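Protein chains: 4
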Amino acid sequence: MKFKISAELSYKVKTDTTFFFNIQAAQTRSQLITDEQIITTPAKVKIESFELGTRKARFLRVQVPQTDYFKISYTAMAELKLKPVNLKRAELQVSTIPPEAVSYLFPSRYCQVDKLYKFADVEFNALKTTYAKVQAISNWIHRHVHYVSGSTNASTSSIETITQREGVCRDFAHLGIALCRAISIPARYFACYAYQLNPPDFHACFEAYIDGRWILFDATRMVPQHGLIKIAHGYDAADTSFANIYGEADALNVVVSCEALDKRRFEKQADKLKVVCYE
Amino acid sequence: MKFKISAELSYKVKTDTTFFFNIQAAQTRSQLITDEQIITTPAKVKIESFELGTRKARFLRVQVPQTDYFKISYTAMAELKLKPVNLKRAELQVSTIPPEAVSYLFPSRYCQVDKLYKFADVEFNALKTTYAKVQAISNWIHRHVHYVSGSTNASTSSIETITQREGVCRDFAHLGIALCRAISIPARYFACYAYQLNPPDFHACFEAYIDGRWILFDATRMVPQHGLIKIAHGYDAADTSFANIYGEADALNVVVSCEALDKRRFEKQADKLKVVCYE
Amino acid sequence: MKFKISAELSYKVKTDTTFFFNIQAAQTRSQLITDEQIITTPAKVKIESFELGTRKARFLRVQVPQTDYFKISYTAMAELKLKPVNLKRAELQVSTIPPEAVSYLFPSRYCQVDKLYKFADVEFNALKTTYAKVQAISNWIHRHVHYVSGSTNASTSSIETITQREGVCRDFAHLGIALCRAISIPARYFACYAYQLNPPDFHACFEAYIDGRWILFDATRMVPQHGLIKIAHGYDAADTSFANIYGEADALNVVVSCEALDKRRFEKQADKLKVVCYE
Amino acid sequence: MKFKISAELSYKVKTDTTFFFNIQAAQTRSQLITDEQIITTPAKVKIESFELGTRKARFLRVQVPQTDYFKISYTAMAELKLKPVNLKRAELQVSTIPPEAVSYLFPSRYCQVDKLYKFADVEFNALKTTYAKVQAISNWIHRHVHYVSGSTNASTSSIETITQREGVCRDFAHLGIALCRAISIPARYFACYAYQLNPPDFHACFEAYIDGRWILFDATRMVPQHGLIKIAHGYDAADTSFANIYGEADALNVVVSCEALDKRRFEKQADKLKVVCYE
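Protein chains in written order, with the numbering used here: chain W, 1 to 279; chain D, 280 to 558; chain B, 559 to 837; chain V, 838 to 1116.
Watch out, some of these pointers could steer you wrong.
Using 20 Å as the maximum straight-line C-alpha spacing, the simulated DMTMM-like pairs for lysine to aspartate or glutamate come out as follows [unchecked claim]: (1) W:K128 / W:E91; (2) W:K118 / D:E445; (3) V:K955 / D:E527; (4) V:K851 / B:D679; (5) V:K965 / B:D679; (6) B:K614 / B:D593; (7) B:K830 / B:E637; (8) B:K676 / W:D68; (9) B:K686 / V:D1087; (10) D:K397 / W:E91.
Quick caveat, the hints were computed from the structure, so don't treat them as lab data. Keep in mind it's a predicted model, so treat the numbers as computed, not measured.
The whole structure should be built from the sequences, with the hints applied where relevant.
Next up, the structure:
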């Protein structure tokens, strides 16, 4: 399955500013990214690209002098190679979690695991398999939290979402992650492009560590889960934000798109890809 | 400078439990750790040791079956090789922060940077050098936050400390980290053994990224800063906790010690080591 | 039904201190309080008694000079005259709430109504009668929040209880109040002595305004609801606390008791008094 | 001094809705309100007026059926009779606070006194007179909190303001109240019309109980403090909000004005009215 993805972000830059953009799709075993293009207006800005450790985030650090209009555009082709996943449906033991997954058990900025033990334990822990637990978490969020554009901001975290019961994709993901970790299941944030997201925008889901693999969950159920192009995974939105701004700049516009090149084939795959792993 | 360090933690283990202990001193360029010994009671428990990525944490994963009394003891010799640091006293530009330090700019569980921009900017950002800024932060915390044993818990975070004005070493460190990051200075948590800490316990400080090095700050001013043996650094206490417990266990006792082998020589070094870097 | 109630509070008073005690039972149409006795050790302290407006609280303001041991003892006889309540089971309209009940719609310190609208609306508002709604709220709290002694403190509020799912009677009451107000039902805090509370202590419930009367609810279900002696009602624990301390004093001990004079008769009344109104 | 005040609030009312408006100026010894007019569009709505106990708030309860446009207009003449206040500048003893002021010591929704004891005590309590303490609080807020329109919302409370250091008049008042109460000085919210407020709007200040009188403080320093027309005082914005809405309605517009009839005389009084009491 091939997709054409693009993002265009524009700003009024009021002082010399350093941006960290995190908008390039990740290079992973599940997705091949080609034909990448990054164009800026004005063209002459210093751009440096680097990866952040184990998080698969490909940061672009861009120095922009003061200007009334700065724009960065990214386009790429993404080929998804997802395979059906057969879960053994066992129960995860903390004693067997591999080191690289262990730190996804810990609390993070937007996922205050330490405040959710009781709720998560009572509500979800009695289920028999790890997959059933995470699915129950995702279902609970879908049923109890309302998707309301603009209802939250960059400081909203999972304990507010569980109380106030509204949020956007980012909040749905944070709550899913926090609840998984609270019952000792490693979980991480998944920032992505999403095919058929309406209105088009960046999207966020979460991955839980089940049977030795990172399985994708989207509590918003807004898009087919086999049409996502991963940008990065991380602890939460704190380390996978699509733009970190050091300086003073006002966002003017964000335009994101994700088009499938063969829509029919995409639809056909839906049945086989009910459980998805973006490796 | 040589130190003998030890830690002894005991628990009543009510169900089969997996512990992640983070009590071994780190192997770094500044400190040589030898003669390490780990003994458990009962002796027959499964122990596995691993490191967490870039964080220098050496985790011990221990599986303990239900028992009325479980104890883990750690002893080691630590040789500190600290050198005087001459700071150029320049101002850090975000554009020059190396990739491995970038993620220490982001908000984390106990350091809600996103809520402290205004305060940190107004209070500390006008100073000319990065060192002066961090020193002002450390001084502010020392002056305004009171060290009160038992005043906080595992959910206390920097925004509570700045409001409630009391806490323990962990809270002092979190607030220091949060304020540094809020003015774009990478900062990280520093968990350690501390010589002359009274009463003896684990200790926590913070490191700020200045002139290309991680400089140590201790806003509690409870101990000489050239007598610390690093256990781990990390985003905050969430990923450097000395014990994470998966299962049910009640802590019975924690006994920590840190003895200098040559006290006189230690005192003499104080003057040369006003600014310290634990690499 | 007659009860003998008593409370004995002792303190180490480290500086000259003013106490506001709120431990005397209220004089209301439902309860007749007689044989009241207040004794202090030392005997010579200045005591002044006053009521706080519409709240029925009978405050004792006591000036205590520095002393290693101060004790206040209160005893009284309370005669409860509760009558069966027949609710019309209608739905309350905000347009008909009498002025004296209106302010019990507003948010208060521990009842952050403004953060619970969505949850309360979705979960409880579809029910047809006001009584059914409040009963559903009380049931929800009973089912989802665990009574854990010592799990919370004087700063814990309803939004923490709904997240962390544990607390004591005070927290159960606060959450009940907050959820009622969030769907436009006036609700107030009810501080009391409670017959058969085990271990004996002060108790807290909440009252909701239904069919023109204040109906009692106890989400803890720890005691029969027709054996309560009201001390005060108010917005929440902020204005009905049994002791406010201005000065420095350490609590040494609290001993509370509530004995029925005719236990058999008390048991017999249980069936008739399923719905109770303490006027 | 005479003022002409007016307020005009308009809404799109999406379901039958009950409004509680709190926009009429209070009748007090310091201000005489005459020529009051309340006009609604559509004209035929049920209006009922009532006062809330000791709070001086004059509520208008208005039932509005669904309509695309509802407007309520209030106009009145207000005559202020303020006299110079000579404070004895003593220190308030909790033992002498009259009963009617006692409840203004307690925590309330937006004034979490219980979390601010340490800060308030260390920062302000060493000063000798109650007036000096409150003035220091007002100065501290003025210096450390930035007035930023739109920076906060209806859930923002004093502990957020002290951390995030920005807010509007309501937040300045809440923080002032919370800090006063934290050092045992009764303080209350003061909702008002304000002459020379720019842009015109409702305004909020706070009153502290000093030398037996309620003295006005405005930490925003946006307007002369002898040109305020009191609407209500209360615990905080929770019980003095200018509009509480039960139903579904979108605010369309708020237009507030306050004009002095004799501007020259107003200016002349400034010197004599440095310390003001609105009784």
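Do the hints match the structure? See the list:
For the hint linking K128 of chain W to E91 of chain W, the alpha-carbon distance of about 7 Å falls within 20 Å, and the restraint holds. Taken as a hint, the K118 of chain W and E445 of chain D pair is broken in the structure, with Cα atoms around 27 Å apart against an allowance of 20 Å. For the hint linking K955 of chain V to E527 of chain D, the alpha-carbon distance of about 35 Å lies beyond 20 Å, and the restraint is violated. For the hint pairing K851 of chain V with D679 of chain B, the CA-to-CA distance comes to about 17 Å; that is within 20 Å, so the pair holds.
A threshold of 20 Å between alpha carbons decides the hint, and for K965 of chain V with D679 of chain B the separation of about 50 Å lies outside it, so the pair is violated. About 19 Å separates the Cα atoms of K614 of chain B and D593 of chain B, which keeps this hinted pair within 20 Å; it holds. Our distance criterion of 20 Å between C-alpha atoms is met by K830 of chain B and E637 of chain B, whose separation comes to about 17 Å. Between K676 of chain B and D68 of chain W the alpha-carbon distance is near 41 Å, which puts this suggested pair outside the 20 Å criterion.
In summary, the hint linking K686 of chain B to D1087 of chain V is not supported, as the alpha carbons are separated by about 26 Å, beyond the 20 Å threshold. As the CA atoms of K397 of chain D and E91 of chain W are separated by approximately 46 Å, the hinted pair breaks the 20 Å bound.
When each numbered hint is compared with the structure, violations occur for hints 2, 3, 5, 8, 9 and 10.
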